[in-house]
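As given, the protein sequences belong to chains A and B, one line each in that order. Position in the first sequence (from 1) plus 63 gives the number in the numbering used here. Position in the second sequence (from 1) plus 8 gives the number in the numbering used here.
Hints should not be assumed to be uniformly reliable.
From the derived model, a few chain B residues whose C-beta atoms are all more than 10 Å from chain A [to be verified]: (1) G178; (2) A446; (3) A451; (4) G457.
Calculated pairs, SDA-like style, for lysine to any residue (alpha carbon to alpha carbon, straight line, at most 25 Å) [said to hold, decoys possible]: (5) B:K624 to B:G579; (6) A:K149 to B:R353; (7) B:K662 to A:N119; (8) A:K149 to B:P27; (9) B:K501 to A:G148; (10) B:K418 to B:P738; (11) B:K662 to A:K149.
For the record, the hints were derived by calculation from the structure and aren't laboratory data. Every residue, glycine too, gets a C-beta built ideally from N, C-alpha and C.
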Amino acid sequence: MADMMTVRLKVNGVEHEGRCEPRKLLVDFIREDLGLTGTHVGCEHGICGACTILFNGEAARSCIMLAVQAEGAELATVEGLMRDGKLHPLQEAFREHHGLQCGFCTPGMLMTALDFLRTNPTPSEREIREGISAVLCRCTGYQGIVNAVRAAAPVLAAGR
Amino acid sequence: MGVGLPRLVGARVARREDPRLLTGQGSFVDDHRPARMLYAAFLRSPHAHARIRRIDASAALALPGVAAVLTGDDIARSAKPVRAASKTPNVKTTSYPPLALGKVRHAGEAVAMVAAESRYVAEDAIERIVVEYEPLPVVRDVESALDPASPVLHDEAETNLLVSREFARGDVDAAVAGAALVVRERFRFHRHTPVCMENRGCLAEYATGSGALTLRSSAQCPGLVRDILTDLLDMPEHLIRVIATDVGGGFGAKASLYPEEIATCVMARRLGRPVKWIGDRREDLLATTHAWDEIIDAELGLNQDGTIVGLRAEVIADVGGYSIYPWTAAIEPVQTISFLPGPYRVPTYRGRARGVATCKAPLGPYRGVGRPPAVFVIEGLMDRAARRLGLDPAEIRFRNFIRDEDFPYKSPSGIVWDRSSFTESLQKAREALDYKAARDEQARARAAGRWVGIGLASYVELTGIGSAIPVSPGMPVSTGTEAATIRFDPAGKVTAVFGVASHGQGLETTLAQIVADEVGVPIEDVRVVHGDTDASPYGTGTYASRSLVLAGGAAILAGRSVREKMLVIAGHLLEADPADVTLAAGRYAVRGMPDRSVTVRQIARAAYSGAKHLPKGLEPGLEATRFYDPYYGTASNATHAAMVEVDRATLEVKTLRYVVVEDCGRMVNPLIVDGQVHGGVAQGIGAALLEEIVYDDQGQLLSGTLMDYVVPSACEIPMMEVHHVETPSPVTLGGFRGMGEGGTIGAPAAIANAVADALAPLSIEVAELPVTPERLFRLTRKAGA
Chain A
64 MADMMTVRLK VNGVEHEGRC EPRKLLVDFI REDLGLTGTH VGCEHGICGA CTILFNGEAA
124 RSCIMLAVQA EGAELATVEG LMRDGKLHPL QEAFREHHGL QCGFCTPGML MTALDFLRTN
184 PTPSEREIRE GISAVLCRCT GYQGIVNAVR AAAPVLAAGR
Chain B
9 MGVGLPRLVG ARVARREDPR LLTGQGSFVD DHRPARMLYA AFLRSPHAHA RIRRIDASAA
69 LALPGVAAVL TGDDIARSAK PVRAASKTPN VKTTSYPPLA LGKVRHAGEA VAMVAAESRY
129 VAEDAIERIV VEYEPLPVVR DVESALDPAS PVLHDEAETN LLVSREFARG DVDAAVAGAA
189 LVVRERFRFH RHTPVCMENR GCLAEYATGS GALTLRSSAQ CPGLVRDILT DLLDMPEHLI
249 RVIATDVGGG FGAKASLYPE EIATCVMARR LGRPVKWIGD RREDLLATTH AWDEIIDAEL
309 GLNQDGTIVG LRAEVIADVG GYSIYPWTAA IEPVQTISFL PGPYRVPTYR GRARGVATCK
369 APLGPYRGVG RPPAVFVIEG LMDRAARRLG LDPAEIRFRN FIRDEDFPYK SPSGIVWDRS
429 SFTESLQKAR EALDYKAARD EQARARAAGR WVGIGLASYV ELTGIGSAIP VSPGMPVSTG
489 TEAATIRFDP AGKVTAVFGV ASHGQGLETT LAQIVADEVG VPIEDVRVVH GDTDASPYGT
549 GTYASRSLVL AGGAAILAGR SVREKMLVIA GHLLEADPAD VTLAAGRYAV RGMPDRSVTV
609 RQIARAAYSG AKHLPKGLEP GLEATRFYDP YYGTASNATH AAMVEVDRAT LEVKTLRYVV
669 VEDCGRMVNP LIVDGQVHGG VAQGIGAALL EEIVYDDQGQ LLSGTLMDYV VPSACEIPMM
729 EVHHVETPSP VTLGGFRGMG EGGTIGAPAA IANAVADALA PLSIEVAELP VTPERLFRLT
789 RKAGA
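Just need the whole structure built from these sequences, with the hints factored in.
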């Protein structure tokens with residue numbers, strides 16, 4: 064076994080420190096070492112997007128990064144979206160518009176959509192489809208997701 | 009019924025399961041990590057067909073952190089091989105060992121298993137296992153598999169032909185010989201795979217003190233898995249608990265028993281430590297069941313007016329290396345010939361099906377099972393006939409649909425269709441599409457040199473199957489019943505427990521809607537528990553579009569039983585005859601005297617407060633378990649209409665419009681019905697245009713990543729327009745019809761017909777799916793375009 068390395072990072076505003084092998088994937092570190100199992104592993108080759116988190120504010124796939132690369136970084140995961148026991152407006156929109164079924168891609172989809180709406184607060188349907196095409200969903204046919212993102216856009220824009 | 013409370017069945021109720029899934033608090037297998045847990049990894053065969061000469065695991069065992077290695081021989085000492093037996097004479101029963109025994113039959117078959125302190129160490133160990141293989145000639149496709157000179161995959165079967173079955177009615181040969189028009193085609197529906205976003209996985213814990221085994225699994229059918237593990241592991245059923253709380257998609261892929269589940273149980277029992285295996289995407293593409301993969305030669309004979317006189321078909325399915333449990337290798341090809349006649353009056357028919365073993369992953373159920381190819385074929389033939397006769401594709405369908413006066417109609421394969429809305433669905437689809445305007449638009453596009461086409465597909469499927477018919481022909485287990493337990497606690501809240509499992513269908517919501525209506529409580533007061541064999545009454549699980557019909561029916565029965573007792577207790581508390589008590593506005597009141605009433609909570613408290621609060625002789629408690637068997641099952645039908653454009657430069661097919669008119673009987677939750685249609689259609693569009701499992705001649709999987717096996721993203725899927733016809737089923741409790749699979753059944757045919765219509769000026773027919781740009785390139789070039 065290779066030497067263990069220390070990783071210090073901030074997740075959802077909380078400082079964490081962990082020790083892991085240099086080869087450990089960031090998603091495994093988040094799930095196993097930090098116990099944040101909301102971020103899912105779908106393909107481990109950077110296609111499906113289930114593992115998407117915000118890395119220093121930008122959407123990134125945590126299955127094709129090493130934990131040691133996150134030294135000093137600020138991450139946001141799905142666990143950080145709910146505030147004071149209330150769903151985030153994007154989460155509310157997903158519920159209202161049936162933007163999830165099995166819920167497995169949902170955490171990655173939410174984090175991707177958040178990043179997308181930050182960069183494009185007033186998107187067209189085509190832009191939403193392109194924006195979320197980084198995450199594969201096998202249940203919804205994307206219709207509920209597109210509707211949810213479209214409905215959440217003005218709410219999020221107003222909150223900025 | 010809860011008159012006064014908003015009626016829940018039929019309402020667009022937001023899902024009860026969403027908050028936990030939206031906040032990362034789901035309970036998927038991989039989210040569990042009990043103390044002392046080991047991580048498992050499987051060594052998989054690099055060969056498609058080979059004898060295993062020797063396995064040396066000593067270097068793996070020497071690696072620090074490795075707890076154990078199992079091989080096929082080790083497993084054979086502690087678990088029986090799986091045998092998907094069939095009662096059908098022409099289906100061969102073959103063994104499927106959890107780890108390869110003696111030889112491997114497809115690339116990716118599990119050969120050895122490691123348990124170690126981390127997944128990383130387990131995979132290190134896998135690389136240190138030395139296996140000496142003696143490669144055998146590869147059985148690469150169905151044609152070569154049927155060659156008498158071909159190697160036989162399963163010696164015990166003595167042939168690669170594992171399945172042969174025929175359905176026939178009338179003298180089809182004479183009918184086709186005398187037909188004014190015969191259209192024929194060789195159709196090819198290539199190999200696909202479901203690709204659940206959650207890969208398969210399981211976690212086994214064995215308590216050495218009690219001898220109890222708990223298996224958490226990404227399974228659609230926890231009850232089926234529990235039942236067969238009893239036999240394979242030689243353990244009493246009450247000591248085995250199978251849990252599938254949150255499952256990240258199933259689509260049929262997770263409806264079968266898998267080798268890894270058995271091996272993980274064996275490993276946990278042997279070590280007395282929890283063992284978890286989580287498959288990766290490569291393992292999913294290599295070793296989760298594949299689907300469809302059929303060649304269908306079909307001929308349709310018609311009169312000059314377009315009415316059908318006879319249908320003949322030969323179906324041959326590539327069932328892969330093993331017959332899967334419990335569905336057997338018969339499931340795909342026999343379903344195809346069962347449903348080929350479609351929603352039409354087909355007076356004479358002969359469908360022959362064969363299932364042939366090759367060196368590929370086993371074929372299993374995938375959304376629609378047999379029907380996506382069947383509908384592709386019959387709807388393709390209808391369009392070919394319409395073109396030849398100069399009829400509109402809608403018109404030829406109207407002329408052949410089973411009519412209202414024909415119901416119940418016995419199809420040539422023996423299925424009985426209850427009252428359905430074939431004609432109405434197509435009419436409504438035409439209206440929704442604005443058929444004439446769409447044809448005008450197509451004409452304008454054509455005049456401008458664009459390849460735009462419109463495709464229709466109508467189908468009927470059998471859902472909610474009861475005990476009269478096995479879900480898969482000849483399968484060894486009975487799947488005709490499900491049960492519900494409805495239990496009030498003394499505070500008046502309800503727990504409703506089911507043997508079915510939900511993995512995206514929203515059953516925690518729809519079943520709660522049904523229960524709440526039956527007993528007169530708000531939906532917030534109902535908690536649905538599913539996917540846990542220890543908690544639930546006997547059941548098998550979720551597959552074959554059955555759960556809402558069977559579990560919903562059981563919920564109605566159990567709800568009625570509980571409600572009857574509540575009326576009796578209410579009568580006692582109100583000093584009234586129970587026959588005069590009614591449920592109104594969420595209260596149980598004396599008829600015509602709404603002021604004389606008791607709340608659900610008062611009734612529930614009385615039920616648990618001893619004899620002096622109850623009528624003389626009434627047993628305390630407030631719960632009921634009831635079983636429901638719909639006996640035959642019920643029809644479910646839809647018409648899909650697609651408008652597509654084939655890009656002349658790239659030959660990419662773009663779906664411009666997509667309309668579905670579906671009839672799932674009485675709808676419980678239109679929000680969820682729409683979502684099921686959307687997801688099903690997206691999978692059907694993927695199957696028609698993008699997705700294909702490809703093996704090379706040596707049986708090596710070429711589509712082993714999601715870069716190669718192309719699942720549609722949001723960009724490839726259009727906004728869909730879903731409309732409903734509600735024909736309550738006359739044969740199920742509640743009038744429900746199953747609808748989880750329908751989207752995928754109609755979409756491949758609708759897309760194929762639309763593409764063919766777009767290319768009609770070139771006389772191109774679509775006989776092969778997926779119709780990729782490469783295939784379109786060959787077709788258009790051959791046509792001189």
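Violated constraints from the hint list, given by number and in increasing order: 6, 7 and 11
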